[in-house]
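A.B. asks: Numbering (full-length UniProt numbering), first residue to last: 1 to 156.
Think of the hints as simulated: they come from the structure by calculation, not from any bench. Errors might be hidden in some of the hints.
Unchecked claim - Label pairs and their calculated CB-CB ranges:
id	residue 1	residue 2	range
1	Val26	Leu108	18 to 28 Å
2	Leu53	Arg136	31 to 41 Å
3	Val26	Thr112	16 to 26 Å
4	Glu135	Glu56	19 to 29 Å
5	Thr112	Gly29	31 to 41 Å
6	Pro87	Ala7	36 to 46 Å
7	Pro87	Asp55	30 to 40 Å
8	Pro87	Asp9	32 to 42 Å
9	Val142	Gln45	12 to 22 Å
10	Ala7	Ser104	26 to 36 Å
Just so it is clear, CB atoms sit at the ideal spot from N, CA and C, and this is done for glycine as well.
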Amino acid sequence: MRIEIVAYDHPDSERLIEALQQEYVVRYGEADLTPVDPAEFCPPQGLFMLGYLGDEPVASGGWRVHDADEEGFEDGDAELKRMYIVPGQRGSGWSRRMLAELESAAALAGRTRLVLETGTKQPEAIGLYVSSGYERIENFGVYRCDPDSRCFGKGL
């Protein structure tokens with residue numbers, strides 16, 4: 001898999017994000033309504049990546065900066081967003097590869113912790129994060145009171 005840095009609103013990004021949103025609809029009955037501004041994923045405040053097999057995008061993920069002036073965050077945090085692997089490529093190790101690239105990029109940008117939210121109806125995501133060294137943290141932001149949310153963090 002070839003990983004490229006792209007804009008959050010790149011056409012291939014938009015296609016994978018829409019597929020991810022449809023997966024949320026199937027699993028939770030609605031899309032993820034978290035406020036997201038594409039500019040948040042522009043360096044140095046964030047980054048968005050796509051993984052390609054040939055010319056076909058098969059993986060996505062990004063991070064955006066947060067600090068202690070926002071409730072539930074610490075100085076040096078980067079929030080992982082829009083991790084997704086197309087269904088036909090799951091189980092190929094692409095999620096671990098994408099996660100490692102995102103962690104490395106966030107650390108190189110001076111971030112000291114990666115945090116994320118996932119849901120109770122995504123056990124494969126929870127398994128990936130726990131097996132990659134993430135630990136449960138207090139729910140943050142718009143997820144603070146959501147009983148279906150699980151937040152995790154990992155020092156970089």
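A.B. asks: Look at each hint and say if it fits the structure.
C.D. replies: Quick rundown of the hints versus the structure:
1. Taken as a hint, the range 18 to 28 Å is violated for the pair Val26 and Leu108, whose Cβ atoms sit roughly 35 Å apart.
2. Checked against the hint of 31 to 41 Å, the pair Leu53 and Arg136 passes, with Cβ atoms roughly 33 Å apart.
3. Take Val26 and Thr112: their Cβ atoms lie about 35 Å apart, and the range 16 to 26 Å is violated.
4. Range check, Glu135 to Glu56: Cβ separation about 34 Å, and the 19 to 29 Å hint is violated.
5. For Thr112 paired with Gly29, a C-beta distance near 36 Å keeps the hint of 31 to 41 Å intact.
6. Take Pro87 and Ala7: their Cβ atoms lie about 24 Å apart, and the range 36 to 46 Å is violated.
7. Between Pro87 and Asp55, the C-beta spacing of about 19 Å breaks the proposed range 30 to 40 Å.
8. Against the hinted window of 32 to 42 Å, the Cβ-Cβ separation of Pro87 and Asp9 comes to about 23 Å, which falls outside the hint.
9. With their beta carbons about 19 Å apart, Val142 and Gln45 fall inside the hinted range of 12 to 22 Å.
10. Against the hinted window of 26 to 36 Å, the Cβ-Cβ separation of Ala7 and Ser104 comes to about 20 Å, which falls outside the hint.
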